[in-house]
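Numbering follows our numbering, with no gaps: position 104 of the sequence shown is 120.
Since the hints were made in silico from the structure, they are not lab data.
The reader is advised that the hints may include incorrect statements.
Derived pair list, reagent style DSS-like, types lysine-lysine, alpha-carbon separation capped at 27 Å [said to hold, decoys possible]:
no.	residue 1	residue 2
1	96	47
2	93	107
3	31	93
4	121	47
5	93	121
6	31	121
7	47	93
8	121	35
9	31	47
10	133	31
11	107	133
12	133	35
13	133	121
14	96	107
15	47	133
16	121	96
17	107	121
18	47	35
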Amino acid sequence: MIVRTLAECEQTDRKVHSKTGTWDSTRLLLKDDNMGFSFHITTIYAGTETHIHYQNHLESVYCMSGNGEIETIADGKIYKIEPGTLYILDKHDEHLLRGGSEDMKMACVFNPPLNGKEVHDESGVYPLEAETV
Numbered sequence: 017m018i019v020r021t022l023a024e025c026e027q028t029d030r031k032v033h034s035k036t037g038t039w040d041s042t043r044l045l046l047k048d049d050n051m052g053f054s055f056h057i058t059t060i061y062a063g064t065e066t067h068i069h070y071q072n073h074l075e076s077v078y079c080m081s082g083n084g085e086i087e088t089i090a091d092g093k094i095y096k097i098e099p100g101t102l103y104i105l106d107k108h109d110e111h112l113l114r115g116g117s118e119d120m121k122m123a124c125v126f127n128p129p130l131n132g133k134e135v136h137d138e139s140g141v142y143p144l145e146a147e148t149v
C-alpha cells in the first residue's frame, strides 16, 4: 500500500513548476509506483494561457476549484471550466488552457504515467520519458 498526502508531496521535488510560470503540479502517483497511470494535483494560475499538445499521453482533468476555459485548436471551440467539470483529452487534442479570474485547482490522470519532472516543450508536449523524482 502507498499512502501520501498532498501537503507532504508539495514539500518535495514532486512539486513541479512550469517554465513559463503558468502552472504548478504536484505529482502524487508516478510511473515508478507501477499503477499504470499517474495522478497529479495541478494549479492553473489565474489570467494565464498555456498551449498544450500531449502527443505521447492521454489525460483526464477534473476541476475542483477556480475557473477558466479550454479551447480546442482544431475547431476553435471554447469550453467553460468550473468546479465539477471533467474534460478528457482522448485524442491527443491540441488545446489552449486559460486560467480565469481565480486559480484553478485540477485533479489530473495521465496514461501512460509520467516520471515526475515533465514540463511542456515549445510545442506543448511532455516527453515520453523524463527524469524521475
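Here is how each hint holds up against the structure:
no.	hint	in the structure
1	96 / 47	violated (31 Å)
2	93 / 107	holds (15 Å)
3	31 / 93	violated (31 Å)
4	121 / 47	holds (22 Å)
5	93 / 121	holds (22 Å)
6	31 / 121	holds (14 Å)
7	47 / 93	violated (33 Å)
8	121 / 35	holds (19 Å)
9	31 / 47	holds (15 Å)
10	133 / 31	holds (9 Å)
11	107 / 133	holds (23 Å)
12	133 / 35	holds (12 Å)
13	133 / 121	holds (19 Å)
14	96 / 107	holds (19 Å)
15	47 / 133	holds (11 Å)
16	121 / 96	holds (14 Å)
17	107 / 121	holds (23 Å)
18	47 / 35	holds (22 Å)
Going through the hint list in order, the structure does not satisfy hints 1, 3 and 7.
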